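A.B. asks: Can you build the whole structure from these sequences, using the hints too?
Protein chains in written order, with the working numbering: chain A, 1 to 387; chain B, 1 to 387.
Among the clues, some could well be false.
Once the Cα atoms are required to be at most 30 angstroms apart in a straight line, the calculated BS3-like pairs of lysine-lysine come out as [unchecked claim]: (1) Lys67/B to Lys137/B; (2) Lys321/B to Lys67/A; (3) Lys306/A to Lys321/A; (4) Lys321/A to Lys304/A; (5) Lys321/A to Lys276/A; (6) Lys67/A to Lys6/A; (7) Lys6/B to Lys304/A; (8) Lys6/B to Lys67/B; (9) Lys2/B to Lys67/B; (10) Lys276/A to Lys297/A; (11) Lys321/A to Lys67/B; (12) Lys306/A to Lys6/B; (13) Lys297/B to Lys6/B; (14) Lys137/A to Lys2/A; (15) Lys306/B to Lys6/A; (16) Lys6/A to Lys321/B; (17) Lys276/A to Lys306/A; (18) Lys2/B to Lys137/B.
Just so you know, the hints here were simulated from the structure itself, not pulled from any lab data. These numbers were taken from a predicted model, which means no experiment stands behind them.
There are 2 protein chains.
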Amino acid sequence: MKVTIKAAAERRIRGRYPFGHRGDILNAESGIGAGDVVDVYAESGPFLGRGYFNEGGATPLRMLTSKRENIDEAFYRRRIREALSRREGRIVGTNAMRVLHAEADGTPGIVADLFGEVLSVQFRNAGVERHRSQILKALQAETGATAAFERSDTGERSREGLEQQTGLLWGDVPERVTFYEDDLELYFQPLAAQKTGFYLDQRDNRRLMRGLVKEGEGFLDVYSYTGGFSLHAARAGARALAIDQDGVALQTLEGAARANRVSVGLRMGDALDVLKALESERQTFGAAVLDPPTLAKRRDDIPKAKRIFTEGATRALRMLKPGGVLLISTCAHYIRVEDLLDAARVAASEAECNAEVRGTTYQPADHPHMLNVPESLYLKSILLQKE
Amino acid sequence: MKVTIKAAAERRIRGRYPFGHRGDILNAESGIGAGDVVDVYAESGPFLGRGYFNEGGATPLRMLTSKRENIDEAFYRRRIREALSRREGRIVGTNAMRVLHAEADGTPGIVADLFGEVLSVQFRNAGVERHRSQILKALQAETGATAAFERSDTGERSREGLEQQTGLLWGDVPERVTFYEDDLELYFQPLAAQKTGFYLDQRDNRRLMRGLVKEGEGFLDVYSYTGGFSLHAARAGARALAIDQDGVALQTLEGAARANRVSVGLRMGDALDVLKALESERQTFGAAVLDPPTLAKRRDDIPKAKRIFTEGATRALRMLKPGGVLLISTCAHYIRVEDLLDAARVAASEAECNAEVRGTTYQPADHPHMLNVPESLYLKSILLQKE
Chain A
1 MKVTIKAAAE
11 RRIRGRYPFG
21 HRGDILNAES
31 GIGAGDVVDV
41 YAESGPFLGR
51 GYFNEGGATP
61 LRMLTSKREN
71 IDEAFYRRRI
81 REALSRREGR
91 IVGTNAMRVL
101 HAEADGTPGI
111 VADLFGEVLS
121 VQFRNAGVER
131 HRSQILKALQ
141 AETGATAAFE
151 RSDTGERSRE
161 GLEQQTGLLW
171 GDVPERVTFY
181 EDDLELYFQP
191 LAAQKTGFYL
201 DQRDNRRLMR
211 GLVKEGEGFL
221 DVYSYTGGFS
231 LHAARAGARA
241 LAIDQDGVAL
251 QTLEGAARAN
261 RVSVGLRMGD
271 ALDVLKALES
281 ERQTFGAAVL
291 DPPTLAKRRD
301 DIPKAKRIFT
311 EGATRALRML
321 KPGGVLLIST
331 CAHYIRVEDL
341 LDAARVAASE
351 AECNAEVRGT
361 TYQPADHPHM
371 LNVPESLYLK
381 SILLQKE
Chain B
1 MKVTIKAAAE
11 RRIRGRYPFG
21 HRGDILNAES
31 GIGAGDVVDV
41 YAESGPFLGR
51 GYFNEGGATP
61 LRMLTSKREN
71 IDEAFYRRRI
81 REALSRREGR
91 IVGTNAMRVL
101 HAEADGTPGI
111 VADLFGEVLS
121 VQFRNAGVER
131 HRSQILKALQ
141 AETGATAAFE
151 RSDTGERSRE
161 GLEQQTGLLW
171 GDVPERVTFY
181 EDDLELYFQP
191 LAAQKTGFYL
201 DQRDNRRLMR
211 GLVKEGEGFL
221 DVYSYTGGFS
231 LHAARAGARA
241 LAIDQDGVAL
251 QTLEGAARAN
261 RVSVGLRMGD
271 ALDVLKALES
281 ERQTFGAAVL
291 DPPTLAKRRD
301 DIPKAKRIFT
311 EGATRALRML
321 KPGGVLLIST
331 CAHYIRVEDL
341 LDAARVAASE
351 AECNAEVRGT
361 TYQPADHPHM
371 LNVPESLYLK
381 SILLQKE
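C.D. replies: Spelled out as structure tokens, the structure:
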């Protein structure tokens, strides 16, 4: 089966950009099924590689290789081995890591996180859905996971014409998947948790903040989810307070705090409302994290997202002691570091303080940012220190 | 003396932005001398603070404080103490650091670098020029420097109506100012060197690269200046090769290599020409740095700068071994991380390789990035690892 792309897209595809958008497709052979692997040709003639094609999908073409190679179990095994080797020696102090980060690892549409011996898998497009059994075999063989579950409940699937799908894949998946991060034992409920189970991508930031909190001081964890930041801060001796509107997540946090013999205060509710209440209670903190959900799935959402960052940061800065630190994170590809800085600048002005930008951080090594996929950079954080 | 600013600028100045541009000034009392300290008022009436005013300057108003405080030696001493406290415990392993980073430290127009007991000072505007004696007394008292020299030879001065000025300020300034960085002894000639003497701002990146080079492998230092990167790499056992067109800088590098008992290869010439020659010699390297001079002093310069980055990175990537790392730096405020990534992306495509973005780094703690001064962020680097 053959798909031809326009001259304008050829340069990008030759530069290893993995996506062919609707306007890039010149012509597709008839009879290609949704998610079929196709041979991709340039308008001028030459073979460019192979990829999944789904005419009706949000992104019709997803490149897999520039070679004439078979896309089979052996192919997926090679890609998984490459991904593991890319991470080698770089994820330490934990038995949980992202094994496949979709396009960034040359496996468009596959996200796989390993927690101890339990694998969490997400299939995002029609192509991987078609190859589900080869991919699962490859993952089982290369990761050695003894159990796996699926969390293909992402909005992306509907744009691909696929149903949401969750469930057990192989082995004996426990009701609680447990793993460790440094000296903390963490867990989640595989079929109830957000996303693929746990936010592994904030690992380095949790450690960063843990290194900055002071014993006995307040630590404010805004949009805490299951409280990874809070648990680390509490372990370092801070009085952590977690805010989230997800009651199930806060229950998990409560259980983890108990299991780790630390204490974390909980406030269930809308983050901005709770911040307002804390402010009126004249609470103060030595450190804080503002890590909201995506907020901007499209470029148009940026102004609204910035307003939320500004309000959250204003209130957090007001409650921070001088010298205290605030980490502001975004996991939205469309929100840039400059947007966070802008929002923080307005917030500092509102809070009548100044701050040093102590650092800017990005996603950890198991969520690689590959040069050929600009979209693979998504997690950006700024660390402010109030003057 | 009184200056009134327009309503539109009031919000920025209240938000601690230190610059009042030409269009921001509503009205200035007559008789204000170039660089005089003035009281700044909002169009609507209230007092906003004090700053230097130079009607003919590129930036007429430079805010110093939001209070009714005297701008005298005691004021400058307080600001220097604040700057030193901001850096406390954060600059280790060296006896050289930037003490004042102009606006970022609340001292617009003053840059001061301390090398052991010798201070390098730069005065950039008419305001600090008027207060030169108070500022020098304050610097001497707070830093304890036994000797100092001036390097006010910056283009910014001419836009302020000031002459270039260099020379000795106090004490016994040696012909060679020596200092250490980790286990390296470094030096420069105070009145012949570029800028204020030495690029302290690349300190953390030098250490980063030193940690990544492998013994016996090639290290390519493009736009080396006096070779800080090369000396660190050579100390770690790499075969360092430095490229610069400044013969005096390469002589200094040669002397420093001898003093530190390491060997660094030198190539004098235009960086891109030398890279081309090295490529035709089929040289290979395990690590490389591409750290050109500013390249973009205005927004209009960005496209040209990107072309230079792209060509340099293309050649460097071609000569890098798989797994090798390339650091690309810009010290231009106008060039963003995204511009470096764009240039690198095109370069990887030209060099027919892919790369992981292993990290993004910014200036070190003695060159603070303050939230209220967006312009204070200037040094940005991306670290690529060739696949």
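A.B. asks: Against each hint, give a clear statement of whether it holds in the structure.
C.D. replies: Verification of the supplied hints:
1. Lys67/B to Lys137/B: holds (23 angstroms)
2. Lys321/B to Lys67/A: Between Lys321/B and Lys67/A the Cα gap is close to 22 angstroms, so the pair holds against 30 angstroms.
3. Lys306/A to Lys321/A: holds (24 angstroms)
4. Lys321/A to Lys304/A: Distance ~28 angstroms between Lys321/A and Lys304/A Cα, so the pair holds.
5. Lys321/A to Lys276/A: Satisfied, since the Cα-Cα distance of roughly 17 angstroms is no more than 30 angstroms.
6. Lys67/A to Lys6/A: holds (19 angstroms)
7. Lys6/B to Lys304/A: Holds - the C-alpha atoms of Lys304/A and Lys6/B are around 28 angstroms apart, at most 30 angstroms.
8. Lys6/B to Lys67/B: holds (19 angstroms)
9. Lys2/B to Lys67/B: holds (14 angstroms)
10. Lys276/A to Lys297/A: holds (26 angstroms)
11. Lys321/A to Lys67/B: Satisfied, since the Cα-Cα distance of roughly 22 angstroms is no more than 30 angstroms.
12. Lys306/A to Lys6/B: holds (26 angstroms)
13. Lys297/B to Lys6/B: Distance of about 28 angstroms is within 30 angstroms: holds.
14. Lys137/A to Lys2/A: holds (27 angstroms)
15. Lys306/B to Lys6/A: holds (26 angstroms)
16. Lys6/A to Lys321/B: violated (33 angstroms)
17. Lys276/A to Lys306/A: This hinted pair holds, its Cα atoms lying about 18 angstroms apart.
18. Lys2/B to Lys137/B: Holds. Lys2/B to Lys137/B sits at ~27 angstroms (cutoff 30 angstroms).
Taken one by one, the earlier hints fail for this structure only at number 16.
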